[in-house]
Structure formats: C-alpha cells, structure tokens
Amino acid sequence: MGCTAADVIAAIRAAAVVVQEHRDELVRLDQAIGDADHGENMRRGFTAVLSRLDTEPPDTPAKVLKLVATTLISTVGGAAGPLYGTAFLRASSAVGDLAELDGDAVARALRAALDGVVARGKAVVGDKTMVDALTPAVTAAACAEGTAAAALSAAADAAAEGATSTVPMVARKGRASYLGDRSAGHMDPGARSTALLLRALADAAAKA
Amino acid sequence: MGCTAADVIAAIRAAAVVVQEHRDELVRLDQAIGDADHGENMRRGFTAVLSRLDTEPPDTPAKVLKLVATTLISTVGGAAGPLYGTAFLRASSAVGDLAELDGDAVARALRAALDGVVARGKAVVGDKTMVDALTPAVTAAACAEGTAAAALSAAADAAAEGATSTVPMVARKGRASYLGDRSAGHMDPGARSTALLLRALADAAAKA
Amino acid sequence: MKKIINDPETVVREALRGMQAAHSDLLTVHHDPAVVVRADAPVRGKVAIISGGGSGHEPLHGGFVGRGMLSAACPGPVFTSPTSDQVVDAIARTDGGAGALLVVKNYTGDVLNFEMAAELAESEVRSVVIDDDVAVQDSSYTAGRRGVGGTVLLEKIVGAAAERGDDLAACEALALRVISSVRSMGLALTACTVPHVGSPSFELADDEMEIGIGIHGEPGRRKVKTGSASEMVSALLEPILEDLPFSSGDRVLLFTNGMGGTPLLELYLAHGIAEQLLADRGITVERRLVGPYITSLEMQGMSLTLLRLDDEMVELWDAPVHTAALRWGV
Amino acid sequence: MKKIINDPETVVREALRGMQAAHSDLLTVHHDPAVVVRADAPVRGKVAIISGGGSGHEPLHGGFVGRGMLSAACPGPVFTSPTSDQVVDAIARTDGGAGALLVVKNYTGDVLNFEMAAELAESEVRSVVIDDDVAVQDSSYTAGRRGVGGTVLLEKIVGAAAERGDDLAACEALALRVISSVRSMGLALTACTVPHVGSPSFELADDEMEIGIGIHGEPGRRKVKTGSASEMVSALLEPILEDLPFSSGDRVLLFTNGMGGTPLLELYLAHGIAEQLLADRGITVERRLVGPYITSLEMQGMSLTLLRLDDEMVELWDAPVHTAALRWGV
Ligand SMILES: Nc1ncnc2c1ncn2[C@@H]1O[C@H](COP(=O)(O)OP(=O)(O)O)[C@@H](O)[C@H]1O
Ligand SMILES: Nc1ncnc2c1ncn2[C@@H]1O[C@H](COP(=O)(O)OP(=O)(O)O)[C@@H](O)[C@H]1O
Ligand SMILES: [Mg+2]
Ligand SMILES: [Mg+2]
Ligand SMILES: [Mg+2]
Ligand SMILES: [Mg+2]
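Protein chains in written order, with our numbering: chain A, 1 to 208; chain B, 1 to 208; chain C, 1 to 330; chain D, 1 to 330.
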C-alpha cells in the first residue's frame, strides 16, 4: 500500500513539527560554523508550509511536494531556501501524476532531489553540506525494497550517518568554508536538517 | 621664616606628584557620580604645570601661583579647570608681591581662592563640591597662628574632614546633580582633590 | 578595553588627524589648542557659530563644521569640556567681523570654560546655553538640565540663519527660540568605556537599562528592567510631550538618535513607533532625522528629541548644509 | 540580549516601517514580499540597479536606494539572504525598459536566490557577483570570497552610470571593472547578537579579536591578541595591498568602514593611520569614505576597502547621489 496525497501531507506536517522542535539545535550548529540562522530559516519555511497546507491542501503527492517547494523558495531565503526548494521541486516532477508513492517512487524522488541540489549548489560529497547526508540516503533508498516507508527509513538512517560524517570535514562550500580549518569538529547544519527531515518523513510513512 | 618662590615651587611639585599618584582614585570617585575624568583632568593639568615650572621657573610666590593658574585653565578643561584656575589666579593676586609667604598670607590666599571658586561656580556649602572642602580649610587657616606650614596643615586637616562630609550629600551642582538621590553615598571627587592638594602643600611647606 | 586606539592620551589628536585627512575640502584642524574650523573661515560679514565640548560624541561637533552649520568646533578630551583657550582661538579664527555666537551645552564645565573664553575674546560674543534634557529636574539651585540632542537641531537651524546673513542679535534670538521649543530624553542599554579609564562607566545587568541618561556615560536617573521597543519609546516620549508640553496640532521635527552602539535597524524600528505615537496624538511630524548624531562612544541606547517647528525653522532646516555628517542641497 | 525591538520575528518589518516614515520622499517600502524601491521608480529608459541581502548591515542596502544609486533593495531577515520572490518583485517594480542589473554579494544564499530570480524574471537581467574580501582563500572548489565593503562603492559608481543613461551592457562591464579593482578586509573586537538567536555569535576574550571576519557575525580566519590601532590597520591593509596588488602611483578610494558598534572617533583615528601608510607607499588617496556603511548589527570592529580608481570611476563617484545614507550634489 503506497502513500497517498493525504499521507504525504501528514508526513510533511510531521516533518514541520520536527523542524520546529529542532530549531534551536540547528541554530546552534549554524552559529558554530555559519551565521546562526539555519534553524530559524527552516522554522520560518515549514511554518509557512503548514499554513498553506491548511488553506489549500493539494490532491496529489506531486502537488504536495510542489507546494512545499514553492513555499520554501519564497520564505526560507539563505542557501537552504533555494536548495531545499529545488530538491522538493525536482522530487515533485519525478513522481509525476502518481496517486500513491511506493518505495520506487520515493527512491526516484530522492535521486531527483539530490541532482537538483547538486545542480544548484555544485557541492560534492566531502564538501561538508547537505549533499553529504542526501547522497548516501539516495543510495540506501535505491537498495531498499518495497514500501515508501521502507525506502524512507533506509534513507533516514543513511542520512544520519552522512550527517555525522560531516563533523571532521573542512568545509569547501557555503558559509562554513570561510572558516577554513576552523570549520572541522562541527556537524554541518544542513546535513543535520536533511537527516531530521528524512527521519520524520520515514516515521510518518511507517504510521500511514 | 616664610615660604620663598623656591619653596612654593617645591610645594607645587609635591602636589603634582600627589595628584599623579591619586589619579586612579579620583577617576573612580568621578566614575561613581560623574563622568570619570576628574583624575585624568587633574593629572593632565599638573603634568603641564611641572613641565612649565621646568622651563620658566618664576621668581615670586605670586608668579608661581599665576603660572599654575594659567596652565590649569589651558589644560584641565571640565569644571575643575576654570575652578582651580580661578582659585590659583585669585590666590596669586592675594599675595601680591611678597617675597615670602607667612601663615597670614596663606590664609588670605585661601580665602581669595574660595571667593573665586564661588564667584565662578555659584556653589554653597552642602552642594557636594570642592567648596565643601575649601570652606572649612579657609576658616582653619585663618584661625591657625604663625607659619605658612601651620596654616596649610590646619587647612589640610579641615579640608579632609570637609571632603568626608560630602559622602552622604545629594549633589546640587556639577554633573553629580543629574543623579539626584543616587549621588548620595559617594565622596565628591573635587572635594577629595582639594584635600589632597592642601595636604601635599602643607607637608612640603613643613619641610621647607 | 576593546578599542581601535594607540594610546588613550593621543586619541583625540589622532582622530582629528584622520578627520583632517578625510575632509580637507570642508575643514581645517588646528592643534595646540585643538580647533576644527571650516575651510573657508573667516567668512566676511557672517556671524561665526561656534560650539564644542568633550570628544566621544561624534559626529558632534566637528562633523557639523561647514557651510550652513558651525564655523568652528572645540573638541575637548573624551567627555571633558574644552578649555577656554580653545574657544578663544576658535573665535579669533572665524570671526568675520559680525561677531560670534557660542553654542554651549549646559554642563558646568562647558559653561565655565565658554564663559571664560567670552570674557577673554576680543570679538563681540554672545552665548546661548542649551538645556533640553527633560530627564533632569530643573531648579535654580542646581546645575540645571543638560544639553543633549537639541544641540544638533539648534546648530543646523542657527547655522543656516548665520549663512543667510542674519546678524548676531538675530542668531541669538533664534537660538533662544529653538532652545525654548526643544526637548529630549535618552536611555542606555549598555555603558561605554572612556579610553583613559579602561572600564565601563556603570554596571547594568542583562535585563536592565538606564533611563534618563546624558551623553557622558554617566548613569541615568533610574535603572529599570528592559522592555519592548514600544515601551522604551513611550518611556522617552511621554516625559518629552508633557514637559513643553507638545499638543495636538503641533508641527514637529522628530530626531531619533543613536547613542553609538545601537544598530540603525533598531533606530528605524524605534523611529517608526515614535512616528505612530505622535500621529495618534495629532502631532504632525514635518521633518525627521534618524541616526547616530550625538553619541556616547560605543554605548548602546537611543534618545528622542522633539522640536516644535515654525515656518522659519522649517525653511532654515531645509537650507543647504555641507558638513561631514549632515549634507543636503549642495 | 540588549536590543530595541519588540519581537525577533517582526524586527525587519517594523524597521522598514520606520524607514518608510523617515524617508518617504526618497523611497517606498513594499511588504510581502519586502522590497525597498526608489520613490520615482520605474525610471523610463534607465537600467534598474538592484541589490539586497540579509538585514543587519544597515545602511546597506536600503539606505542606498535613491537617485544615483540603487533602484531597489531586497532585505532578507537578519543575516539571511532574501528570497527570489523579493528579487523578482524588485525587478518588476523598477525595470524602466532598459533591463536590470543585479548586484549580488558572493554568499551561496545570495547567489542562489538572485540566480533563481534572474531565471524567473520577465525583464532582461544581468547579474554581477562581488567578492572583494581578501580574508577568504579563493579557489574554484570553494564558495569563494565574500562580498563586503566593495559593494557600497560598486553601488555608488554603477548607480551613477545608470543614472546618466549607460545601457545594461555598459553597467555590467563597469561593475566588473570595479569588482576587479576593489579589495577589502575586516576585523571584529566584539561579536554581535542576532535577534532570533539571542546570544553572541562567537566568544572573544577581553584581549582577543577576530581577523578576517565577514559581515554576518561569523568568526574570522583567526583569533589573535588585540593590538594598537596602528597594528590593526596594518593587519588589514597589508593583505589588501598585496592581493590586487596595489602599487606606488596608484590612485585609490579609501573606505574606512565601521562594523556598527565602533565609535566614529576610532574610525577617524584608524582612517588617519591608513592614509599615512598609503602615502608612505606612494599610493594617492583621491577619494575617501569614513563611517559605518556596511555593518554587522552592533559589532565593534572595522574594515578597510581600497578601490583602484580611473578617471571614469572618479567622475561617477562624484556624481550627485540622493539616498538616506549617502547624499551629495543634490
Ligand atoms: N553549495 C552548497 N551545496 C549544498 N548545500 C549547501 C551549499 N551551501 C550551503 N549548503 C547547505 O546550506 C546550509 C546552510 O543553510 P542556511 O544556514 O539556512 O543558509 P546560509 O548559509 O545562507 O545562512 C549548510 O549547512 C549546507 O548544508
Ligand atoms: N558649580 C561648582 N562649584 C564648585 N565646584 C564644582 C562645581 N561643579 C563641579 N564642581 C567640582 O568639580 C568636580 C568635577 O570636576 P571634573 O570631573 O574635572 O569636571 P567635569 O565635572 O566637567 O567632568 C566636582 O567633583 C566638584 O567638586
Ligand atoms: Mg546560515
Ligand atoms: Mg568629571
Ligand atoms: Mg568631564
Ligand atoms: Mg544566512
């Protein structure tokens, strides 16, 4: 049984709550090696997503993802806004007009999301960005078999490991790169938010 | 035996040293109820006095006092500059062309100094200013009999008491008055510097 | 102490050197005694407008030297009145035959030093004393109110009058009219550190502010808990409005001033609130000035100044001015 | 947190309201999305010059909107790039038929959002990316250098070119020439506090400073012991001079910028030192700007920017400008 538009909406809502709960953590991570706004940027964006989901609930998974994309693009700002916006926009295109998403669709959506982030941000694995969380997540989802929930769960685990892997890295992209060697020793906030989002989506999908 | 020009110069030099030693104390007193510059203003002024005494040593007590006056007027600034400047100027006039100063001359000089300060600053006893130190000093010097040293010593003792009397006062003149009741509980910096100067002059005169 | 200085003793001298380098088209700096004079002084037949005071309030006063504002400024050491020598020198350098008006902020030190200078000067001299700070209780037995933000407005308006050729008596009368129409009040969120002292001028807990401060890093009338911007603006504006008093139908200039360390972002925010409060009272804001124009070193905080305008003041406010800190129409 | 604000969420909106009240003759503020537009936009036939970035750098960019400088500014939340919607809206409101030049400071967020806007806009759009901060090691594998103080100079010079009627290609070429000729570096003595964070962006001991900071309260390349003003100025100027490199005989504009919390007294002092150092090298300072023009909230610190001038740049720098923060010739 796949994820319907309603399931995707529920998952996005759950993700929004997780983002709000982790706002201060993400701010602290960004304060260490950036400009201390990542948590607030994501909170602002997902709060706007919640309110738009209330007023204009879309009726296909693709439309839900597109609403998320355009809302993030117009409210998050910073680097994360265009990057997450592009990710959700590409994911939306990738699932086409499917009424329900299975594991395969999730894997395709994640792959498209990663491609979008890389196209915009030009980061590669090891640059200490969200790409370090998203890249292993894409691989894990592709290898997982079956339901959307299974694919997302594998992706979330891999993303968490990917986020941890950013700790010792010296940043080569984003604001943290200005710090040079001083950026080592801290987790990348965008990698952390990617892992948080995927975990929330996976948990919600498991309940669907 | 009275104080010659050389004795007066020595006493002024001694006073300058005392002002330099107490710079930080006077700054702290002024920081509590003013703008934290009295110690620095006095230090700047008496440092300039020292250097002018080196280059152009005057040959009568009156001329020494006048040099001190004009130097303070042109280097101290703030309220203290014109007030101490006027005090020394009037003291200089009061001793006329005497070659040596006795206790009587000292008493007259102090009285003239006080009159000058009051004419400029319009403060009365109880306003929490240098007038609270100088007024009892004038009376004490007038009552003391004999040498300049004796007059100055009596004046210095009375000034010290006068300075202490300013602690509980609520200021009505100078910057401290802006604080209203919050000015109570601190010694007035100008009263303290008056007491310090008189003590230094008295000690130097005793050695002459 | 976190300061970009070499030596507390030479701060003012070195800063004046930098000012000279930055604005040689506008002004000439003289040392010993220190005086900042407009480059084309003395201007024949024009009343010289001269002010001064302790340094640390930049751009006041040196930043207001130039066409349409001050003829000269006398900078004292940080937060210390200049000496009478400086003022005498400023008068001699700028009197163009029409005399000099001394603009004195009401502090004992400033008043005494300018007074001595007026006695010593060879020119025809008048003095006005500005005392616009409503935080200080006034009485003939005290030092009286301080001169604060209103000084900037007075210097602009009277400077313009002198520039158009008003004589000494007219400049003096106009200055007195401005003084009687202007009121100010300030607050501090943090203290400042005077270079030669090296430690902050007062202590404030993280949730405290000083209300009714002056501009010399002196503590205010009372320490209170910090509040919202709206509460802060009301705490400054209400006493100002009651004091003159200002009332519905008045036309005013609203000056939202930063104490030095408060970001422009916050000043604009406070300014917007003040405009709204005045509109609610039926008071018309016809002119405004927003920015750090009379400061206390790096102090965080602000002051509000309200000037009741008449047509002549508006015309003089709008007149061309060319100084380092205020410039328009030229 | 010591700030004059009501609510961290509404800081920028409320500040923009105050800005509108203070400068309604110069600019119009639109909300949702937030854009500050010059009052007479669109100007027919004139290239629109548009910039923007996080708030907290005031007067940048809104304070530079007006005749002879920016057509519009897009203010993001504090220290956060604006969204592409804001930029698209700014373009639509200011394009007078001659297209728009986007002036983008080189930060990933700014670059990405302006890039998306350029893709979405209906006008002819060109973008230039300014990256003048020599503190950042450059390489094609990194985010590259940040855009800092040079932005102010670029906006003035290219704004003047657009005002005199230069077309889009000419404005873009000129902007690139400025970018290739300008270098900057900054230092911080204290951190600043972002309203929505509530605590300082980094920790510095009483005798430490950050060298090579940007303008977003981010730590610099290295923490070092504080020193004298002369040492600080050298620490900023040497890397700038080596980088371009600037050499004897060059004509330059020297911009001594305050980070927000540093008194003007100290900025003038530092400026004087920098002028002397340049004179010693045989470099001629032909124009200068001293003051807090691109800031990091209440941070204490400064930056130096050096622009190698040619005749056209001097002429455009001197051209009339009428904005909230820079004004001359009008
Ligand atoms: N070029 C890039 N490619 C991919 N991700 C990036 C890139 N630059 C930055 N990021 C991500 O964006 C995150 C920062 O987002 P945020 O703090 O919201 O924006 P900003 O850096 O503009 O303040 C970083 O932690 C990093 O994961
Ligand atoms: N009107 C006055 N009459 C007499 N003494 C005064 C008067 N006003 C101030 N003082 C004295 O001056 C002292 C302060 O001097 P100082 O700190 O050097 O100047 P300022 O107050 O201008 O900073 C006060 O402590 C007080 O003793
Ligand atoms: Mg960030
Ligand atoms: Mg004092
Ligand atoms: Mg003083
Ligand atoms: Mg940011």
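I should point out that these hints are in silico values taken from the structure, not numbers from a laboratory. Just to be clear, a hint being listed does not mean it is correct.
[Said to hold, decoys possible] Derived lysine-lysine pairs resembling BS3-like cross-links, with alpha carbons at most 30 Å apart: (1) D:225 <-> D:2; (2) D:223 <-> C:225; (3) D:223 <-> C:2; (4) B:207 <-> B:63; (5) D:2 <-> D:223; (6) A:63 <-> A:122; (7) C:223 <-> C:2; (8) B:122 <-> B:207; (9) A:207 <-> A:122; (10) C:223 <-> D:225; (11) A:66 <-> A:207; (12) A:63 <-> A:207; (13) C:223 <-> D:223; (14) D:225 <-> C:225; (15) B:207 <-> B:66.
[To be verified] Partial selection, computed: residues in chain C whose CB lies under 10 Å from chain D: (16) 120; (17) 124; (18) 168.
Quantities reported herein were computed from a predicted structural model and do not represent experimental measurements. Yeah, the Cβ is synthetic: ideal placement off N, Cα and C, and Gly gets one too.
Going through the hints against the structure:
1. D:225 <-> D:2: At roughly 26 Å apart (the allowed maximum being 30 Å), residue 2 of chain D and residue 225 of chain D satisfy the hint.
2. D:223 <-> C:225: With Cα atoms ~34 Å apart, residue 223 of chain D and residue 225 of chain C exceed 30 Å; violated.
3. D:223 <-> C:2: holds, 14 Å
4. B:207 <-> B:63: holds, 21 Å
5. D:2 <-> D:223: holds, 25 Å
6. A:63 <-> A:122: Roughly 27 Å separates the two Cα atoms, so the pair holds.
7. C:223 <-> C:2: Status holds; Cα separation ~25 Å.
8. B:122 <-> B:207: Judged against 30 Å, a Cα distance of about 36 Å means the pair is violated.
9. A:207 <-> A:122: violated, 36 Å
10. C:223 <-> D:225: violated, 34 Å
11. A:66 <-> A:207: holds, 23 Å
12. A:63 <-> A:207: Satisfied, since the Cα-Cα distance of roughly 21 Å is no more than 30 Å.
13. C:223 <-> D:223: Given pair residue 223 of chain C, residue 223 of chain D is violated - Cα atoms ~35 Å apart, limit 30 Å.
14. D:225 <-> C:225: violated, 35 Å
15. B:207 <-> B:66: holds, 23 Å
16. 120: violated, 28 Å
17. 124: Cβ of residue 124 of chain C sits 33 Å from chain D, so the hint is violated.
18. 168: At 31 Å from the nearest chain D Cβ, residue 168 of chain C fails the 10 Å test, so the hint is violated.
Consistency note: the structure conflicts with the earlier hints numbered 2, 8, 9, 10, 13, 14, 16, 17 and 18.
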